[in-house]
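Residue numbers (my numbering), protein chains in the order written: chain A, 1 to 159; chain B, 1 to 400.
Do not rely on the hints blindly, as some may be mistaken.
Unchecked claim - Quick partial rundown of chain A residues pointing at chain B, CB under 8 angstroms, derived from the structure: (1) Phe30; (2) Thr65; (3) Asn79; (4) Arg92; (5) Thr109; (6) Trp111; (7) Cys112; (8) Asn115; (9) Met140; (10) Leu149; (11) Val155; (12) Pro158.
Unchecked claim - Stretch-level coverage of chain A by chain B, calculated; a stretch enters the list once three of its residues show a Cβ under 8 angstroms from a Cβ in chain B: (13) 49–62; (14) 83–91.
It is worth saying that the hints were derived from the structure and are not from the lab.
Keep in mind that this is a model prediction, so the values were computed, not measured.
For every residue, glycine included, the Cβ atom is placed at its ideal position computed from N, Cα and C.
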Amino acid sequence: MAEPEDLQIDPVTQRLRAWDAQSVAEVLEFRGERTLVVPRSHLRRVAEFLKGEPDLGFDFLSDVTGVDRFPVEPRFELNYHLVSILNRNVLRLRVRAHGHDPVVPSVTTVWCTANWHEREIFDLFGVRFEGHPDLRRILMPEDWEGYPLRKDYPVEGPR
Amino acid sequence: MSTTTINTPTGAAKTMVLNMGPQHPSTHGVLRVVLELDGEKVVKAIPEIGYLHTGIEKSCESKTYSQAITLTDRLDYLAPLSNNLGYCLAVEKLLGLEVPKRAQYIRVLLTEMTRIASHLVWLGTHAIDMGAMSVFLYCFREREDVLKIFEMVSGQRMMTSYFRIGGLALEPATGWLDRVERFIGLMPSRLDEYESLLTKNRIWMGRLRGIGTISAEDAIAMGLSGPSLRSTGVDYDVRKYFPYSSYEEFDFEVPTRTEGDCFARYLLRVAEIRESIKIVKQAMPRIPKSGPIRTDAPGIVPPVRERMKTEMESLIYHFKIFTEGFSPPPGEVYQRIESPRGELGFFVASDGSPKPYRVKVRAPSFANLQGLSKLCEGRMLADVVACIGTIDIVLGEVDR
């Protein structure tokens, strides 16, 4: 996955970079899907910008997906799948977090639906979300130890 | 049960915390809703999930790409073919595979039949929740016809696993289209029958009209999709917005309503069945009588059985596919489709090995269920049943 050459024709990246040069660290493209890698510290501001600007209008957060790249650091990768219902456009944001301090700013203030998605990632990956109103396990029992979707967690569970 | 004092608009009042579920017939599975009640009024409703968590996403990581299809059936068990389609499209995108048109049309036809079957289950069970017993029996009678068609095509009534990477599992049985035709011919009059029992029924209207109202802004913010979102006037339907599997060639409407209440969601699902019938009618003549049902991709798609008996190559490929699997290039894709419940998304990441590195299911029920609190709060206890019913959740995909 290399940085595509036709960046000029991607208006979203252009808008973001014109607004803040630091907002997009990397642009990845694979099978026609574009991923914008956003620095962790910029996530909430970028989210607000993407939702707030009418010509971008990414008001619908489909999903937040966690991926564990263990043992590569930063091991956690969060993918935010956005839809602009008004402009019929899609976008994927990606944020990375280190294993020793997996904290990512919460986007619940921007998209309410992120609440459960972030709880699920906290539950299954152990990534914490700063500013989340109700961060607790959602699928696993409250007293469960460990984070099942991490790559160093055995499929058959702890013995 | 416990009591706490809270401040209500009418002054300090005692509230009661009541657990609805996880074993409760109208929670449609194992859902627990923690209700804080002030008399019969719901002050707070907090859905608690996870009782059906089976770790499907984790299991996918230890299966080959083809084996994982069987797990997708078990997510939304009322619409297994939609799950099959979402997953297969995602893996096909990862591989860059093009599926033959014949297979695409059969996929469209069968997923629309799935939508009909799923909405019928919804209508029947919801009618029972609201006290209309007979509609349930009628709906399940028609659903049985759809399941018989699935059985004829794939050998299974429910856990079909019929869509495979690169096409379909097997050639559909001769005469299956006649059966579809008979069903489609019958269905509109049956729908009129249900509507004559419900739409103008005073009890039905009383239980659903103006109940569980949500605004378009809230629905979008909560990530609602499918009929739950379209009942608020937003016409977001993945089939129209981001067409897949040749949906762009079909002529159909996306019904919307603006009331955003339970009654609107009921009317929408009935209207969607009618639209699905329209799509099935268009798909039938388009399906060529013969032609490939799987794309020609040696090493990924299993060879035709007959060729294996005469060609060494085919035999080797067959052996390799079923022992090792195939390895897509590293990368990740997200494929969204419109399932009967809303936007169903599959995020599949590959690291270049024969097993998926990560499979994530964006379950429409998961996001829709989150909106339940918004629908119920401030309403009566009995309305909670109507609200849970009309957002149409399947706990299999909520908990995964």
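Now for the hints, and whether the structure bears them out:
Taken as an interface hint, phenylalanine 30(A) checks out: its beta carbon lies about 4 angstroms from the nearest beta carbon of chain B, inside 8 angstroms. Checking threonine 65(A) against chain B: minimum C-beta separation of about 4 angstroms stays under 8 angstroms; hint holds. Hint status for asparagine 79(A) relative to chain B: holds, with the closest Cβ pair at about 7 angstroms, below 8 angstroms. Hint status for arginine 92(A): holds, given a least beta-carbon distance of 7 angstroms to chain B, under 8 angstroms.
The beta carbon of threonine 109(A) comes no nearer than 11 angstroms to any beta carbon in chain B, farther than 8 angstroms, and the hint placing it at the interface is violated. For tryptophan 111(A), the interface hint holds, the least distance from its beta-carbon to any beta-carbon of chain B being 6 angstroms, beneath 8 angstroms. With a cut of 8 angstroms, the hint placing cysteine 112(A) at the interface with chain B holds, because the nearest CB-to-CB distance is about 4 angstroms. A least Cβ separation of about 7 angstroms between asparagine 115(A) and chain B falls short of the 8 angstroms threshold, and the interface hint therefore holds.
Because the smallest distance between the Cβ of methionine 140(A) and any Cβ of chain B comes to about 7 angstroms, under 8 angstroms, the interface hint for this residue holds. Hint status for leucine 149(A) relative to chain B: holds, with the closest Cβ pair at about 6 angstroms, below 8 angstroms. Residue-level restraint check for valine 155(A) holds (minimum Cβ-Cβ distance to chain B is 5 angstroms; threshold 8 angstroms). Proximity of proline 158(A) to chain B is violated relative to the hint, the smallest CB-CB distance being about 13 angstroms (cut-off 8 angstroms).
By the rule of at least three residues with a Cβ nearer than 8 angstroms to a Cβ of chain B, the coverage given for the segment 49–62 of chain A holds, with 4 such residues. Proximity of the segment 83–91 of chain A to chain B, defined as three or more residues with a beta carbon under 8 angstroms from a beta carbon of that chain, is established by the 4 residues found.
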